[in-house]
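K.L.:
Here are the chains, one letter per residue:
Protein chains: 6
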Amino acid sequence: MTKIVTFGEILLRLSTERHLRFSQAESYKATYGGGEFNVSVSLANYGLNTEYITRLPNNELGNCALKEMRKLNVGCQNVLLDGDRIGIYFLETGTSTRASNIVYDRENSGMSTLKKGMIDWKEILKDATWFHWSGITPSLSESAAEACVEALEIAKDMGLTISCDLNYRSKLWKYGKHPKEVMPKILQYCNVILGDLDTANFMLGLPQMNPDYQNQESLPVLYDTIFKLIPSLKFMATTLRYSVSASHQRIGGILYDGNTIYDADVQDVTPVVDRVGSGDAFMGGLIYGLNEEPLNKQRALNFAVAACCLKHTIAGDYNLVTLEEVEKLIGGDFTGKVSR
Amino acid sequence: MTKIVTFGEILLRLSTERHLRFSQAESYKATYGGGEFNVSVSLANYGLNTEYITRLPNNELGNCALKEMRKLNVGCQNVLLDGDRIGIYFLETGTSTRASNIVYDRENSGMSTLKKGMIDWKEILKDATWFHWSGITPSLSESAAEACVEALEIAKDMGLTISCDLNYRSKLWKYGKHPKEVMPKILQYCNVILGDLDTANFMLGLPQMNPDYQNQESLPVLYDTIFKLIPSLKFMATTLRYSVSASHQRIGGILYDGNTIYDADVQDVTPVVDRVGSGDAFMGGLIYGLNEEPLNKQRALNFAVAACCLKHTIAGDYNLVTLEEVEKLIGGDFTGKVSR
Amino acid sequence: MTKIVTFGEILLRLSTERHLRFSQAESYKATYGGGEFNVSVSLANYGLNTEYITRLPNNELGNCALKEMRKLNVGCQNVLLDGDRIGIYFLETGTSTRASNIVYDRENSGMSTLKKGMIDWKEILKDATWFHWSGITPSLSESAAEACVEALEIAKDMGLTISCDLNYRSKLWKYGKHPKEVMPKILQYCNVILGDLDTANFMLGLPQMNPDYQNQESLPVLYDTIFKLIPSLKFMATTLRYSVSASHQRIGGILYDGNTIYDADVQDVTPVVDRVGSGDAFMGGLIYGLNEEPLNKQRALNFAVAACCLKHTIAGDYNLVTLEEVEKLIGGDFTGKVSR
Amino acid sequence: MTKIVTFGEILLRLSTERHLRFSQAESYKATYGGGEFNVSVSLANYGLNTEYITRLPNNELGNCALKEMRKLNVGCQNVLLDGDRIGIYFLETGTSTRASNIVYDRENSGMSTLKKGMIDWKEILKDATWFHWSGITPSLSESAAEACVEALEIAKDMGLTISCDLNYRSKLWKYGKHPKEVMPKILQYCNVILGDLDTANFMLGLPQMNPDYQNQESLPVLYDTIFKLIPSLKFMATTLRYSVSASHQRIGGILYDGNTIYDADVQDVTPVVDRVGSGDAFMGGLIYGLNEEPLNKQRALNFAVAACCLKHTIAGDYNLVTLEEVEKLIGGDFTGKVSR
Amino acid sequence: MTKIVTFGEILLRLSTERHLRFSQAESYKATYGGGEFNVSVSLANYGLNTEYITRLPNNELGNCALKEMRKLNVGCQNVLLDGDRIGIYFLETGTSTRASNIVYDRENSGMSTLKKGMIDWKEILKDATWFHWSGITPSLSESAAEACVEALEIAKDMGLTISCDLNYRSKLWKYGKHPKEVMPKILQYCNVILGDLDTANFMLGLPQMNPDYQNQESLPVLYDTIFKLIPSLKFMATTLRYSVSASHQRIGGILYDGNTIYDADVQDVTPVVDRVGSGDAFMGGLIYGLNEEPLNKQRALNFAVAACCLKHTIAGDYNLVTLEEVEKLIGGDFTGKVSR
Amino acid sequence: MTKIVTFGEILLRLSTERHLRFSQAESYKATYGGGEFNVSVSLANYGLNTEYITRLPNNELGNCALKEMRKLNVGCQNVLLDGDRIGIYFLETGTSTRASNIVYDRENSGMSTLKKGMIDWKEILKDATWFHWSGITPSLSESAAEACVEALEIAKDMGLTISCDLNYRSKLWKYGKHPKEVMPKILQYCNVILGDLDTANFMLGLPQMNPDYQNQESLPVLYDTIFKLIPSLKFMATTLRYSVSASHQRIGGILYDGNTIYDADVQDVTPVVDRVGSGDAFMGGLIYGLNEEPLNKQRALNFAVAACCLKHTIAGDYNLVTLEEVEKLIGGDFTGKVSR
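Residue numbers (the UniProt record's numbering), protein chains in the order written: chain A, 1 to 340; chain B, 1 to 340; chain C, 1 to 340; chain D, 1 to 340; chain E, 1 to 340; chain F, 1 to 340.
Hints are computed from structural coordinates only; laboratory data are not their basis. You may find that some hints are simply not true.
Same chains, same label: a pair holds when it works inside one copy or across any pair of copies.
Pairs of lysine-lysine, DSS-like flavour, derived with a Cα cap of 27 Å [what the hints assert, rightly or not]: (1) 3 with 122; (2) 174 with 116; (3) 126 with 228; (4) 337 with 174; (5) 171 with 115; (6) 177 with 29; (7) 177 with 228; (8) 177 with 337; (9) 156 with 234.
Construct all of the structure, not just a fragment, from the sequences and the given hints.
P.N.:
Structure follows, in C-alpha cells:
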C-alpha cells in the first residue's frame, strides 16, 4: 500500500485578516503551514497514508502543532519533540495591485538546528513507498542540508520514489552557501522534480534559459539538460502561473517524462482568497496522480492544475478539498454552482 | 390595499464566514432564510404589507426567529408556535472555482410535519390580495404537500392571485414521491410561476426541452406547453443565470404573459458576496413589479433582474435593498459611486 | 527642509465590516479619516515632516484621535483641544453593483464651529514650506470658511506653497451658501489644485465644460480658463476614475502646469477593498512628487496615480503604503507576487 | 387592557467590548438604549402592550433604530421621523476597581430639539392606560422640558397613571437651568416616582436628608415631605445599590405608598456583566408589578428588585429576561443551575 | 495496557459567546461535546489509550466531528459513519444570578436511531480494559437503550471494568419510558457508578433519601442500598456541588467502595467560565485515578475533584488540562500564579 | 524638567483571548509589552517626559512596535533599528484555579544580542533626570548584562537617579550564569529598587529570610542588609500580593527609605482581567510619586499600590489609566460607580 513520508518544517503561520496591513492588525490568525507540510495535508485529504517528519519544541506551541497534524490526518508518530522553538512566519495577504508580504521568523527552529543522525530513517521508512522533500530544508542551515542528504541516501537505498519541490525562497539561504554549492548533490536522488526550468538551472549552476512555456515544442530540449544532470529523474513538472494581479491568477502546468510534454489548459482564478500554498497544492495533486494512475500522466497533470486552482480559494496554507471537488474541475465545471 | 401572504419555512441559517470551509469554521454566523421567507422580506423592504405563515417551535430558537421577522417588518401574527424544531441549513460560501455547499438539517421541522387543517386559512387570507408559495414545501413531506393544496384551494376560492417559485432542490424530495407525482396538481392553482422551462417540465412530467433563452423567438411555443397544462397561468418568468464562476454571475431574465416575451439586459455581478437567495430576490422583485404597475410588464421584469443583481452583493439570504437602490440599477447606473 | 502643514478635520469613521449593510451591523469598526488628514498620513508615510491643524474635544474620544495621529507619525503639537465633539461619519462599503453609502454626523464638530482667530497661524507656519487644505472646510460653516481665508492669507504672506483638493461633497454645504459664493475668493491663494474641471467650474461659478479627458489636445484651453481666474495657480491635476462597478475601478490622471498636459496610463484596480480616501492618496502622492523632484512632473503624476491605485487595496481612509510599494507600481509591476 | 406609552430618547450605544478602554477599542459594539426606552423593552418582554414615543432622523441610522424597536416588540407606530441626528453615547465598561465611563454625544438629537406641538398626544394616548417618562428629557433642552409638560397635561387629563424615573445625570442639564427651576412643575403630574430621596429633594429644591435606608422606621417621614409637595403621588420607590466594586453590586429596594414602607432583601450580584440600565430594569419591574397585581405591593417591589439583579448579568442596556426568570429569583433561587 | 472504550454521542455544541442571550447572538461558537465524549477527552489528555464509539452522519458535519476527535487524540477508528444527522445542542451561558440554558436538538441523531447489532462490539472491545457509558444513551430511544444492553453484556463477558455516569437529564427521556423501567437492568453491569444517591434511587425505582453529604457517617448505609441492588458494583462516587451562583461553585466529592467513605475538601471556583462538562471532568478524573493507582482511592477522588474544579475555568465541554495542572491543585496550590 | 529614560526590551505579546487555552486559540491578540516598557507607558500616561531605549529589527514587525510606542507617547527617537528579530511572548490568561501560562520566544532578539558600545548613552542621557532598568536585561545574555553595566556607569556619572525592578524570571537566565554572579555588581548603581526581600537576597547571594511583611517592626533590619550591600540605595519597595486565585488578588505594598517603613492598605481586586504588568504598574506609580512629590513617601507608595490595583482591570501589559483614576482610588473610592 502507498505510504508517503514527507520531510520538512511545520511553521506557525500568523496572518493578518481581511487583507489588513501588518500595521493595522490587532490580532493574528494562527494556523500552520510550510511547503512540505502542505503537500502532506493534500495527500491525507485525498485519502493516502501519510507520515510527516519534522522537529517541534516540547512545549505548548509544539503540542498545538501536533494537534493540528492529527486533526488533518497527517501521520505524526515520528515527530521529534526536542527543538528549541517552532518556526514562525508572518503573512500579510495582498490584493489587486498590492502584493502579499511575508516576514520569516524561523531561525533556530527545530528544523534549522537539525543534524545528521537525529532521525532514525531506517525505522521510519520501512513501510514507506514515496519520500517527499523540498528545497526549503537545505536552505535553512548547513546541518539541515546534511540531514537532507542522509535521509535521501537511505530512502534511495530502500527503493522509495523520491520527489522534490525546488521551492526557492530568496529570503532564506542566509547561512553562507549559494544553492548551487548545495543543491546539485542533493537533487541527484530525485525521481520527480517540481519547479520551473530556470529555478532548476539556478540551483544546478546552469545558465538561465528564459523558456517560452507556450511554445511546447521548444521545451523538451530544455528539460533534457536537467534530466541529463540527474540520471534518476523520471518526471519534471512546472506550475505555470500568470499573475494578472494579486487577486487574479491564471494557472496552467507542464509535465515532462523525458519523452513527452504534457500540458494543461490555463484556468482563471479570481478573486484569490489565499495563494500561499498553491504550488504545494500542485505538488500534492501531482504526487496523488502519479500514485493513483501511474500510467495516466495527462490525468496526473490535470489533477495537479485543478488542485492548484482550488487552493487559491481557500484561506490558509492547506488545500482543504476533496477528491470530488478536484474531479469536478478536471471535468471542466468551473461555474461554482451551489450544491443543494 | 395590497397584502401579500407568503407560506413556507423559515430556517436557521448557519454559515461559515469569509469563505471558510466547514472544517475551518470555529463559529457559524446565525441568520435566517428560506426561499419563501426571502420573498416576504423583499416585499416588506419595498413597503408592501406582508404576512408570513409558517410553524416554529415554542422555544428560545423559535422566539429568536420571531424577533427577526418583526425586525424585518414581515407580518408574523399568524405563525404557529407548535413545531418540534426549527429547520437548519449549514452553508459554506464558495468563491471563484469553488462552489458553495449546503448541508440541510431540516427534517422534522414544523413545516415538515405540517398537516392539513392546522392553519385557519380563511381567517388568515381574509384581507389578502396575493398568495405566494414555492416548490420547497411539497418537497418536505407528503402531509406538507397536502397542506399546500389545502391552502391553495382556499386562496383560489377567495380570489387571490397565486404565485409560485418552482425551487427544485435535489437534496430534498426524500419522502418517496417524485415531483411529477405531486406538483402537477398543485401547480394548477398558479397564476404566476417562476422557474426555468425544464424545471417546470420536470415537475410536470413533460420531456426536457433544452431551451435556448437567447433565441427569443423560439421561446413562446415552449412556454405555451406549460400555459396549456395550467389554464390559470398568466405569467411565467425565468431567471437567466450564466455562472462564470462562483464569484462572477451574469444575470438576465425572461417574462412571458402568454403572448409576448419580455427580456432584460444581462448584467455582470462580480464579485459575488452571497448568491443564496438571489432567485428569491428575483421573485420578490417580480411580485412587487406586478403589483405596483400591473400593465408595465417590462418594468416588472427589469425590477426583478435589478433586484436579483443587487442581492448578490449582500451577505445572508435576504435582499436588504431599498426601492431607490433597485431604481438606480434599472436606470442603468452600475458604477457603484459613493454617495456623499 | 520640507515641512507640510495640513488643515482640516479628523473624523471618527465608523464602518460596517465585510460589506454589511447598516441594518446588518452589530458593531462598527472605529478608525479615523477625513480628506485632508488622509493627505497628511500619506506624506508622513513617505517620510516627510508633517503637521496637522484641527480642533478636537478634550475628552476620551479626542484623546483617542490624538493617539492615532501620533501612531501615524502626523505632527499634532498644535491641535486645539477645545471643540464640543468629534465629527463622525458612518460608512457602509458597497461592492459590485451596490454603491457605498456615507451618513455624515459632523455638525457642531470642532472644525464646524471654528472661528477666525482661534489658531495662531504665524507661530504654526513659521518653519513650514507647504500648506494644504481642501474644499471641505469652507463647506462646514461660514465661520470655518472665514477661518480658512485667515490661514491662507498668512500662509501666502509667509511664502508657502498652497495646495487644495476641491473635494466637493453634495451632502455638506448646508449652511445657506452656494460654493460659488464662497470658493472663488478662497481658491485665489492656491498654487496647486486637485479636482476635475467641472468641479472647479462649478465652484468658480463657471459653466460646465464636459471635458473629454481622453482627448488630451482639447484640455489645455479648458484648464486655462481656471488658470486665468486664479493667477497664482501653477498646477492643476485631475484624478481620472472610470467606475466599472463599486469593486472595479480604472484609475488614471492628468497634470497640467499651464503649458503641458501630462497624463498617466489608466490602471485596473479590482477588487476594491476600500475606495474612500483614494482621491486623498492621489493628492498625497502629487504633493510628495512635487516636493521630491519638482522638475519631474511626469513622475509626480505617475506617483500620484500609483498611490491612488494602491489605496483601493487598503481598508480604512489612509494610504498605508511605503515608498517602495509605490515605486514598484510606477515601475509597472502590478502582478502582486508574494515577496518571500 | 393595559397599554403603556413611554416617552423619551433612543440612543445609539457604542460600547467597547470585553472591558477594553476607549483607547484600546478598534471597534464599537452597536446597540441601542436610553433610560425610558429600556423601561419599554422590559414591559414588552413581560408581555405588556407598549408604545414608544420619540424622534429619529429619517436616514439609515434612524431606520436601524426602528428595526431594533420592532425586533424588541416595542410599539413604534408613532415615532416621528424628522430629527437631525440620533443621539449617541459611548460606553467603556469598567470592572473591579475601575469604573465604567460614558461619553455623551447627544446634543442636537431629535429629542433635544423637540418642541411643544410636534406630537399629537391626544391621538397617541387615546387607548393608553399608563404614561412613563423620566428626568432625562427635561435635562436635554428648554423646549424638550416644555414638550414634557405638554404631554403630561394631556396624559393627566385623559386619566392615565403617570410614572417617572428621576434619572439625574450630572453630564446633562447643560442648557442653563438648574433642575430645581424645571422639575418641581413637571413632577406635579406624577403618580409613581422612582428615585432616591435626596435626588428628589435636589430636584424639588429641598435640603438634603442623608436618609438611612436601613433604618426603615425613619423613612416614612422623609418620603412624606415629597408626597406633600406632589399631591398626586401614590408611590415612591428607591433602588438601593451598594457598590462593593464595579463588578460586585448588592441590590435592594424600598417602596412607599404613603402609609407603609415595603422593603426587599438585598441580593448580591457578582460578577456584573453590564450595570447600565439596571435602574431602568427596576422601573420596568415596578410598573409591571403595579399593573399586574396592583394590590400586592410587596410583590411589585420584589419583582423590581429581582429584575434589577438579573439585568446586571446581561450585556447591553435592556433587561432581556422572561417572566419565568424573574419569578425564579423572586422565589429565592439564585443558584444559576443549568436547565437541561 | 489500559485501553478505555467509551460509548455515547458526540454533539455539535452551538453556544452564544460572552454570556449573550440567544436573542442577542449573531453567531454561535461551534465546538463539540457530550457527556461520554467529554470523559474520553479527559482520558486522552491524561495520556490514556482511548477509543470512542458513536454514529455520525457521512457528511461534512460528521467529517468535522471526526477531525475534532483526531485533534483531541480520541480514538475514532470504529465510529459508524451512517447516521442521519449529528445531534446539536444550543447553549446560552449564564452568569451570576442568571442560569445557563440549553436547547437540545438531538432527535433523529445517529445515536438516537442506533439499533442492536449495528456495532461489532467483540471486535472493538478485544484489546480494551475498561468500558464507559452513561445514562444519556438509554434516555434517547428504546432502541438505543437496547443497544446499550448489548454492549454491556459483551463488555462484561469480555471481563472489562464497566463505569457509568448516571447523567439524568429531564429534557430527555421523551420516548415514553420512565428511567426506572429501563435503568435497573442496564445498571446491573456496572462496577463504577458516578451520581448522587437520589438520582440513583430515582433511576432504580427506590424512594428518595435526601442524603446529608456533610454527615459522612450517615452515608454508607445509604450507598449500601444501591450496592445491594447492583452486586457487581465496586465503587460509587458523587460529585458535591454547592452553587452559590452561576458564577461561583463550591466543589467536593465522595467515593465509596462498599466499606469506606472517602471525601475531599470543598474548593471554591469563581468566576466560572463554563460549567458544562464539569461532571464529566470528575468522571474522567476518577477513571484515570482508578486506573493509575487502583489502591489509592483517596488520590482517585482528589484527582476527580481537582479535575472538576479546573474544568470550570475552561470554555467548552472538555477539560483541556494536563496531568501537571491537576497535580498542582491536588497539592493545594489554588493561587493561579503566572508561570514565567 | 523631569525626563525618564528607560532601558529594556519591547516584546510582541501574542495572547489567547477570553481565557482560552493555547490549544483552543485560532488567533492571537497582538499587542506589546515588557517589564521596562510597561513602566515607560505608565510614566507617559501620567504626563512625564519619557524615552525608551531598545533594539528592534528594521522590518515590518519592528515598524509596528515603533508605531505603538508613538501612539503611547513613549519617546522612541533613539531606538536602534538593527536587531535580528523582535522578541515574542505567548500568553494564555488563566482564571480562578487555573494559572496563566507564558511561553517565551525571545532568544536572538535585538536586546539578547545587544553588546556594549552599540548605544550612545552620553548623547541619549544628556537631558535625562532618571534612568530605569530591570533584572530582565542581564538575564538575557552575558553581553546584554555588560551593556547594562555600561549604561549604568554613564548614568551614574551623569548624576541620574537610577531605579531597578528586580523582575526575576525563572524561565530566563539560560546562558550559564546564576543571577548572583551577575546582579550584585549591577545593582550597585541603584538608588531605588523594587522587589521582595528574598528575591533581592537570591540575586545578591544572601540567604533567604522568609520575611513576615505583616509584621512591620521586623522589616527594617531585613531591608538594612540590602541597604548595606548597596550604599547608593535610597529606597527599596516591595509589592505585596496575596493570590486568592488567578481571578482574585489582594494588593498592598511596602516602601522603606533606610529609616522608616511605609505601608499601604491591602486592596481586593476581583475579578482580574489581566495581571501581567501589574508589578510594572506599581513601579511606574512609584517612580511617578517619587518624582512628583519626593518628600511625600507615603503618597508615592499609595500611588504605586492604587496604580497596581487598577492595572489588574486592564487587558494587555500596560496600565492605561489616568492620574485622575489613580487619585480616585487613593482617595478610597473603590465602588466603580459609572461616571455619567
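K.L.:
A separate judgement is required for each hint: does it hold in the structure or not?
P.N.:
Comparing the hints with the structure gives:
1. 3 with 122: Classified as within: same-chain Cα gap 15 Å, cross-chain 29 Å, threshold 27 Å.
2. 174 with 116: both (20 Å within a copy, 26 Å between copies)
3. 126 with 228: Neither way: residue 126 and residue 228 sit 30 Å apart in one copy and 56 Å across, limit 27 Å.
4. 337 with 174: between (47 Å within a copy, 22 Å between copies)
5. 171 with 115: both (22 Å within a copy, 26 Å between copies)
6. 177 with 29: neither (34 Å within a copy, 37 Å between copies)
7. 177 with 228: Answer is within; shortest intra-copy Cα gap is 24 Å, inter-copy 56 Å.
8. 177 with 337: between (50 Å within a copy, 25 Å between copies)
9. 156 with 234: Answer is within: at 14 Å inside a copy they meet the 27 Å cutoff, but 58 Å across does not.
Hint check: violations occur at hints 3, 6; the rest are consistent with the structure.
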